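K.L.:
Sequence:
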Amino acid sequence: MKILVINSGSSSIKYELFEMPGERRIQKGIIEHIGERGSRVRDHYAGLKLILGKINCVSAVGHRVVHGVERFQKPVLIDSAVIREIRCCSAIAPLHNPANLAGIMACKKLLPGVKQAAVFDTAFHHSLPGYAYIYGLPYEYYKKYGIRKYGFHGTSHEYVAQEAARILKRPLAALRIITCHLGNGCSITAVKGGRSVDTSMGFTPLEGLVMGTRCGDIDPALVGYIMRKKKIDIHAADNLLNKASGLKGISGISNDMRVLEEKAKGGSRRAGLAIEIFCYRIKKYIGAYIAVMGGCEAIVFTAGIGEHQAGIRRRITRGLFSHLRRPPRVLVIPANEELMIARQTYLLTKGGR
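The numbering of the sequence shown is the working numbering, which starts it at 994 and goes up by one.
Just so you know, not all the hints are guaranteed correct.
[What the hints assert, rightly or not] Within a straight-line C-alpha distance of at most 20 Å, the following computed PhoX-like cross-link-like pairs (lysine-lysine) qualify: (1) Lys1236 <-> Lys1224; (2) Lys1102 <-> Lys1042; (3) Lys1343 <-> Lys1101; (4) Lys995 <-> Lys1101; (5) Lys1021 <-> Lys1042; (6) Lys995 <-> Lys1042; (7) Lys1047 <-> Lys1007.
Hints are computed from structural coordinates only; laboratory data are not their basis. These numbers come from a predicted model, not from an experiment.
All chains, full assembly: derive it from the sequences and hints.
P.N.:
Take a look at the structure:
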């Protein structure tokens, strides 16, 4: 059974084709610059048409969808009701859900009759307890507007937690694991008994760690203060916090950790400070999650920085476990969200076309 996995962004479509259940990757690629000036690919429909021109006999399609609010607590087959709900979630995830939906709608036209599944970044975190996801705001804001911690990168956290259990040769249900997804976007999740019990990202992916261009945790009063000082509107403030902060904003150089390490070695104080803040925040979250779970058997690093920058991993873990009688295993596991989406799509659609 051939499963096509689609990750549809605002101006790009990443795709991978798997033969299931053998989990053999047949093909992968990316279409970029969709809808941009001078691009021959005017929209997602045109992009997917190009992709499908290279692929024979798709049995089912699995789509990454970033936000599923409380409605979607597991992967689902896509129908008109699911499409309506994903569209409704766009108010909370305006940068992601509309693009995800564009990919879904294009596939519906290009592959009529082929089953499609939606796999949500937020679904793995549906197991968070109320005391971990409710904010210190009036409770009716949660009931009326759905304002709460949702968490993201769930597909990645779930995949590497499962892989960690396989490497440790122990049941996932018996383990306490802290998974660190460190790329341009970063998040940490406490996984106890195979379930997410806390995570660093919140109502949006802006909360939590210092990231490539996102600020992470800050005093909420700063938003109004900055708007008044800089005389900017909410859209400019949102852009500042999401696209001009984090490693890029602190260093004044780049959001690329490799560039910052080189600059820090060359004597850049601000590059060194950005790295120090990045690692300190991660170390603080790991310590908190060890306390929350009453211990930890494994720390997993994944995604671009987590997998490829050993110096950053050393900075984070240095001295972190000195108080523990039995330190956790530190594992590096390559991210493979696409395979996880293919697995979940296969389970939903096997026996179909």
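K.L.:
Can you confirm whether the C-alpha distance between Lys1343 and Lys1101 stays at or below 20 Å?
P.N.:
holds, 19 Å
K.L.:
Check the hint pairing Lys1102 with Lys1042 against an upper bound of 20 Å on the C-alpha distance.
P.N.:
Given that 20 Å is the threshold and the Cα spacing comes to 10 Å, the pair holds.
K.L.:
With the threshold set at 20 Å, check whether the alpha-carbon distance from Lys995 to Lys1042 stays at or below it.
P.N.:
With Cα atoms ~17 Å apart, Lys995 and Lys1042 stay inside 20 Å; holds.
K.L.:
What's the verdict on Lys1236 and Lys1224, does the C-alpha distance respect the 20 Å limit or exceed it?
P.N.:
holds, 18 Å
K.L.:
Hinted pair, alpha-carbon criterion (20 Å max): Lys1021, Lys1042. Please report holds or violated.
P.N.:
Within the cut-off at roughly 15 Å; holds.
K.L.:
Take the C-alpha atoms of Lys1047 and Lys1007, compute the straight-line distance between them, and say whether it is at most 20 Å.
P.N.:
holds, 14 Å
K.L.:
Please work out if Lys995 and Lys1101 have their alpha carbons no farther apart than 20 Å.
P.N.:
OK: Lys995 and Lys1101 at ~17 Å, within 20 Å.
Checked against the numbered hints above, the structure violates none of them.
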